[in-house]
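Engineer: Sequence:
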Amino acid sequence: MRWSSWSVLLVVGVSVAVGPGRVLAQSTDKDVEAKIESALKAYRSGQTGEAMSSLQEAIALIQRSAEKGLAAFFPKAPEGWEASKLDSQSLSTGGSGNSGGSWTTLSQTFTRKKDPLKVTVTLTNSPQLIQAQKGMLAAFKNPEMLKALNADPNHQVKLIEQSGWVGLRQITKGKGQDDKGKGEIAVYSDSCVLTMQVDSDD
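Going by the working numbering, the sequence shown opens with residue 20, and the numbers climb by one from there.
Be a bit skeptical, because a hint or two may be false.
Calculated pairs, DMTMM-like style, for lysine to aspartate or glutamate (alpha carbon to alpha carbon, straight line, at most 25 Å) [as the list claims (entries may be wrong)]:
#: 1; residue 1: 199; residue 2: 218
#: 2; residue 1: 133; residue 2: 218
#: 3; residue 1: 177; residue 2: 218
#: 4; residue 1: 194; residue 2: 180
#: 5; residue 1: 49; residue 2: 76
#: 6; residue 1: 166; residue 2: 197
#: 7; residue 1: 166; residue 2: 220
#: 8; residue 1: 192; residue 2: 221
For the record, the hints were derived by calculation from the structure and aren't laboratory data.
Only a predicted model underlies this, so the values are computations on that prediction, with no experimental measurement involved.
Make a model of the complete structure from these sequences and hints.
Structural biologist: And the structure:
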């Protein structure tokens, strides 16, 4: 079976699309609840330092649970490809309103053995990045904007709206043997942003 670079993108996209709205719906285990209860008890007794420490430990447990949930959507390497180790990063910031938050980003690279052509997949549940994607896509939905973006035949942009995901596919054609071009799909759902990059216009 032959697998093109975009076949890998399709496999990953389908894997993630089966549940874009439930990626964040990770169950809270007893360890997390125990840490939160411990923090509340410490806070009520005036031990603010211990309360903050317990809450930070609870956040760390929740982040690990979120990482595991997101990682489940990454497929195994197709035949003829190799997958790198799944890279995981989590961040939590404090603040009022929308200035704080907690999110997880996972990234993995698939390499085709015969080339080696690479496809990099990144999935994040960052609310800030989701909002940024929504703002950008609002402008790109304008037909005149898309027409302007596609004025150069060597750089083509296509709007994607499918299965709860909205985003763009961009392909930049290569200029020769040493320049194979590149392709990228960037889409978002209510809970995630999915980016897939390939170092070829294949």
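Engineer: Does each hint fit the structure? Answer for all of them.
Structural biologist: Structure-based check of each hint:
1. 199 - 218: 7 Å, holds
2. 133 - 218: 14 Å, holds
3. 177 - 218: 18 Å, holds
4. 194 - 180: 30 Å, violated
5. 49 - 76: Holds: residue 49 and residue 76 sit about 13 Å apart, inside 25 Å.
6. 166 - 197: With a Cα-Cα distance of about 29 Å, the restraint between residue 166 and residue 197 is violated, given a limit of 25 Å.
7. 166 - 220: Satisfied, since the Cα-Cα distance of roughly 20 Å is no more than 25 Å.
8. 192 - 221: 9 Å, holds
The structure fails hints 4, 6 (numbered hints given earlier, in ascending order).
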